[in-house]
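S.K.: Top line first, the protein sequences correspond to chains A and B. For what it's worth, this note's numbering labels the leading residue of the first sequence as 1, then goes sequentially. For what it's worth, this note's numbering labels the leading residue of the second sequence as 1, then goes sequentially.
One or more of the hints may lead you astray.
Incomplete in silico selection of chain B near chain A, CB under 7 Å [unchecked claim]:
no. : residue
1   : V328
2   : M331
3   : A333
4   : V338
5   : H340
6   : D343
7   : L346
8   : V347
9   : C348
10  : T349
11  : L359
12  : Q362
13  : I363
14  : F372
Between beta-carbon pairs, the in silico distance windows are [to be verified]:
no. : chain 1 : residue 1 : chain 2 : residue 2 : range
15  : B       : P342      : A       : A313      : 19 to 27 Å
16  : A       : L193      : B       : P342      : 38 to 46 Å
17  : A       : H371      : B       : P367      : 36 to 44 Å
18  : B       : A300      : A       : G235      : 55 to 63 Å
19  : B       : G169      : A       : G325      : 51 to 59 Å
20  : A       : T157      : B       : A300      : 38 to 46 Å
21  : B       : P342      : A       : K260      : 41 to 49 Å
22  : B       : P342      : A       : R236      : 48 to 56 Å
23  : A       : G325      : B       : S217      : 52 to 60 Å
24  : B       : P80       : A       : A313      : 36 to 44 Å
25  : A       : G162      : B       : A300      : 27 to 35 Å
By construction, these hints were calculated from the structure, which means they are not laboratory data. Cβ atoms here follow ideal geometry from the backbone N, Cα and C, with glycine treated the same way.
Protein chains: 2
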Amino acid sequence: MKTPNANRKAPLFAAILAGGRGERFWPVGRRSRPKQFVDLFGGKPLIAHATDRLRGLVPTSRILVVTSADLVQATRAALPSLAPEQVLGEPEGRDTAAACALATAWVRAKAGESAVVAILTADHLMADAVGFRETLASAASVAAARPVMALVGIKPTHPATGYGYVELGAPFSGPGLPKGFRKVRRFVEKPNLGTAAVYVKSGRFVWNSGMFVWRVSVFEDALRRFRPALSEAMGRLSPLFASPRAVRAALKREYSALEKISVDYAVMEKADNLVAVRGDFGWDDVGAWTSAGEHFPKDASGNAVHGAAQLLAATGNVVANTQRGHLVAVMGASDLVVVHTPDATLVCTREAAPGLKALVAQIGADPATAHFVE
Amino acid sequence: MKTPNANRKAPLFAAILAGGRGERFWPVGRRSRPKQFVDLFGGKPLIAHATDRLRGLVPTSRILVVTSADLVQATRAALPSLAPEQVLGEPEGRDTAAACALATAWVRAKAGESAVVAILTADHLMADAVGFRETLASAASVAAARPVMALVGIKPTHPATGYGYVELGAPFSGPGLPKGFRKVRRFVEKPNLGTAAVYVKSGRFVWNSGMFVWRVSVFEDALRRFRPALSEAMGRLSPLFASPRAVRAALKREYSALEKISVDYAVMEKADNLVAVRGDFGWDDVGAWTSAGEHFPKDASGNAVHGAAQLLAATGNVVANTQRGHLVAVMGASDLVVVHTPDATLVCTREAAPGLKALVAQIGADPATAHFVE
Numbered sequence: 001m002k003t004p005n006a007n008r009k010a011p012l013f014a015a016i017l018a019g020g021r022g023e024r025f026w027p028v029g030r031r032s033r034p035k036q037f038v039d040l041f042g043g044k045p046l047i048a049h050a051t052d053r054l055r056g057l058v059p060t061s062r063i064l065v066v067t068s069a070d071l072v073q074a075t076r077a078a079l080p081s082l083a084p085e086q087v088l089g090e091p092e093g094r095d096t097a098a099a100c101a102l103a104t105a106w107v108r109a110k111a112g113e114s115a116v117v118a119i120l121t122a123d124h125l126m127a128d129a130v131g132f133r134e135t136l137a138s139a140a141s142v143a144a145a146r147p148v149m150a151l152v153g154i155k156p157t158h159p160a161t162g163y164g165y166v167e168l169g170a171p172f173s174g175p176g177l178p179k180g181f182r183k184v185r186r187f188v189e190k191p192n193l194g195t196a197a198v199y200v201k202s203g204r205f206v207w208n209s210g211m212f213v214w215r216v217s218v219f220e221d222a223l224r225r226f227r228p229a230l231s232e233a234m235g236r237l238s239p240l241f242a243s244p245r246a247v248r249a250a251l252k253r254e255y256s257a258l259e260k261i262s263v264d265y266a267v268m269e270k271a272d273n274l275v276a277v278r279g280d281f282g283w284d285d286v287g288a289w290t291s292a293g294e295h296f297p298k299d300a301s302g303n304a305v306h307g308a309a310q311l312l313a314a315t316g317n318v319v320a321n322t323q324r325g326h327l328v329a330v331m332g333a334s335d336l337v338v339v340h341t342p343d344a345t346l347v348c349t350r351e352a353a354p355g356l357k358a359l360v361a362q363i364g365a366d367p368a369t370a371h372f373v374e
Numbered sequence: 001m002k003t004p005n006a007n008r009k010a011p012l013f014a015a016i017l018a019g020g021r022g023e024r025f026w027p028v029g030r031r032s033r034p035k036q037f038v039d040l041f042g043g044k045p046l047i048a049h050a051t052d053r054l055r056g057l058v059p060t061s062r063i064l065v066v067t068s069a070d071l072v073q074a075t076r077a078a079l080p081s082l083a084p085e086q087v088l089g090e091p092e093g094r095d096t097a098a099a100c101a102l103a104t105a106w107v108r109a110k111a112g113e114s115a116v117v118a119i120l121t122a123d124h125l126m127a128d129a130v131g132f133r134e135t136l137a138s139a140a141s142v143a144a145a146r147p148v149m150a151l152v153g154i155k156p157t158h159p160a161t162g163y164g165y166v167e168l169g170a171p172f173s174g175p176g177l178p179k180g181f182r183k184v185r186r187f188v189e190k191p192n193l194g195t196a197a198v199y200v201k202s203g204r205f206v207w208n209s210g211m212f213v214w215r216v217s218v219f220e221d222a223l224r225r226f227r228p229a230l231s232e233a234m235g236r237l238s239p240l241f242a243s244p245r246a247v248r249a250a251l252k253r254e255y256s257a258l259e260k261i262s263v264d265y266a267v268m269e270k271a272d273n274l275v276a277v278r279g280d281f282g283w284d285d286v287g288a289w290t291s292a293g294e295h296f297p298k299d300a301s302g303n304a305v306h307g308a309a310q311l312l313a314a315t316g317n318v319v320a321n322t323q324r325g326h327l328v329a330v331m332g333a334s335d336l337v338v339v340h341t342p343d344a345t346l347v348c349t350r351e352a353a354p355g356l357k358a359l360v361a362q363i364g365a366d367p368a369t370a371h372f373v374e
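Required output: the full structure, derived from the provided sequences and hints.
M.R.: Below is the structure:
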């Protein structure tokens, strides 16, 4: 299938929110090198996957990355094809409402109120990049054609309890509109397993991927209505984007006063002009080492191995070794996660892996080892 | 208790046979750094424990270490208080018969045929050094007083299947002789578990520790009788010990022709003048990582930890980390062995640990990783 043509009247911009933390991928992920920098998949960091998979749909010059100020340099280094001004640093984390507003203000400054913005994530994998671009292109054409905000939902593959769900309502269709869009009925929090199973079986729910597409003016209207203070702050910022220095100063000035709230709570759950599509392109949030292993080469005993390792009588392990010249050897063990980096080595059970945060907290709380999580 | 006085008419020499291999302690142990160099216990290598525990019984100048030629430099470095001539290198391994004969020839050259030689091991731990010296002193006094060879057996603590056993016979006693010695009835190979249990229960068996004490002339007589070729080779070597260079040349000349056989097979099982004592001084052959863990500090969850580590919800693990500045973290796992060194990391179950040799063989057989066992 051909990737839809990116030339359209309303230019499409991509704003990648890169606010991830490193805890779930310790010791590869650190505070100074959070998940979007993890480079165990296809030889490049997740954030480079996030930009590269836009190729053919969004020109590089129309990509913006919003990250924390202390990660700006690392982000620019990871994405050398972006101009410095395409990586914006937030002086402090204010959750996604502020980041979405900032990104939309940046696009307005570049291309005006009729430009379309796709809010994307920095630390997910998508097996089917073509399918992803097609879905994104269709959402962009909906957002260009109608005063709606489009959520790119994910078709659930199992009753996950770690994601928010979005219930779909009536079809949203009309002349010239792509198929597959529906009005959003409601957002629901991470459900328990029973509820999740009901949701998945019903066929009416999608996972909330955090990906949205809107026209600048449409999001601005919603912001003005539901978050006037944030709207006004962005109004003050918008004229300053021509000067990186002025923007930095203004961000410092404005950010501490901004409300810390997700765009879902702040805007999406309240808006009545929300539509969604059921995305099906191999989305994976790579939420823990066990999921990471799904993307590593497998040996005949079901071990997922990245890097130099020797295994004997070992089954179902996830092994990642990022240090050149170092050998990891596993014998007799099953269903472990073994991760080796030049200064720290993790051994845990697959079962315990999703709870890695607690171990990272323990390491960070001990003055003798705190530096291993920085 | 006072350590018995080392001054006696027949001076006591100690010959430490240091021919160990590194496989069971990979990755800390390597071919070039076998078990006697493992320094995880009390901050010094096992071979230094072997010399240090003689203090007060055998003067440093009366210690000889017999090792392989390629380990002579490393051995001298590990034992700086020994003169270079006190570390003899065998040009090739010929098992313990040759090493015992060589050691005895060296002692004859130093102190004549009435000197007493204690053949000792380089890679064991003994919790009760005082008890060890007392036992060794009593064996030395038996060997000085009577034309017998004394085996320092070990009182079995459990029905081990990994050691040879020695059956004791009638008491060997007499005026001026220390108590506790018995004639040796027979040597038995490593038994199965049932047989081992019978042996232990009987009270008549000791483990064969590989430690023997004999007068030079008594061992020479036995050698002449049971291994004439070896006896003659040593007769040619003995006058050369004054010149290290001449000895090296003679060893090269003689060694390749020597029979490769243990002293047990070659001499001890045939001799009728063998006595033994039931040693009880916390002997531990530290045969695998699991046994090594017994000597590490324990945390409240039964983890045995050497070096920098953080553990969470982990029980019964053995963790050894020899790299300064590196952190090993273990979460949710039980009964694992985790060993980290600067260039290799091992993760295996406690159960699999005794079979480490197979993993080391696999690593050594792969050209990409063979250097990790050297």
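S.K.: If a hint holds in the structure, say so; if it does not, say that too.
M.R.: Verification of the hints:
1. V328: Given a least distance of 5 Å, the restraint on V328 of chain B holds.
2. M331: 4 Å, holds
3. A333: Check passed: Cβ of A333 of chain B comes within 5 Å of chain A, closer than 7 Å.
4. V338: 5 Å, holds
5. H340: 6 Å, holds
6. D343: Result: holds, 6 Å to nearest chain A Cβ.
7. L346: 5 Å, holds
8. V347: Check passed: Cβ of V347 of chain B comes within 5 Å of chain A, closer than 7 Å.
9. C348: 4 Å, holds
10. T349: Holds, about 4 Å.
11. L359: 5 Å, holds
12. Q362: 6 Å, holds
13. I363: 5 Å, holds
14. F372: 5 Å, holds
15. B:P342 to A:A313: 19 to 27 Å: The hinted range 19 to 27 Å holds for P342 of chain B and A313 of chain A, with Cβ atoms some 26 Å apart.
16. A:L193 to B:P342: 38 to 46 Å: Holds - the Cβ-Cβ distance for L193 of chain A and P342 of chain B, about 45 Å, lies within 38 to 46 Å.
17. A:H371 to B:P367: 36 to 44 Å: The hinted range 36 to 44 Å holds for H371 of chain A and P367 of chain B, with Cβ atoms some 37 Å apart.
18. B:A300 to A:G235: 55 to 63 Å: Hint holds: Cβ distance 58 Å, inside 55 to 63 Å.
19. B:G169 to A:G325: 51 to 59 Å: Cβ of G169 of chain B to Cβ of G325 of chain A: about 57 Å, so the range 51 to 59 Å holds.
20. A:T157 to B:A300: 38 to 46 Å: Holds, at about 42 Å.
21. B:P342 to A:K260: 41 to 49 Å: 44 Å, holds
22. B:P342 to A:R236: 48 to 56 Å: Between P342 of chain B and R236 of chain A, where Cβ atoms are some 54 Å apart, the hint holds.
23. A:G325 to B:S217: 52 to 60 Å: 55 Å, holds
24. B:P80 to A:A313: 36 to 44 Å: With a Cβ separation near 42 Å, P80 of chain B and A313 of chain A satisfy 36 to 44 Å, so the hint holds.
25. A:G162 to B:A300: 27 to 35 Å: 32 Å, holds
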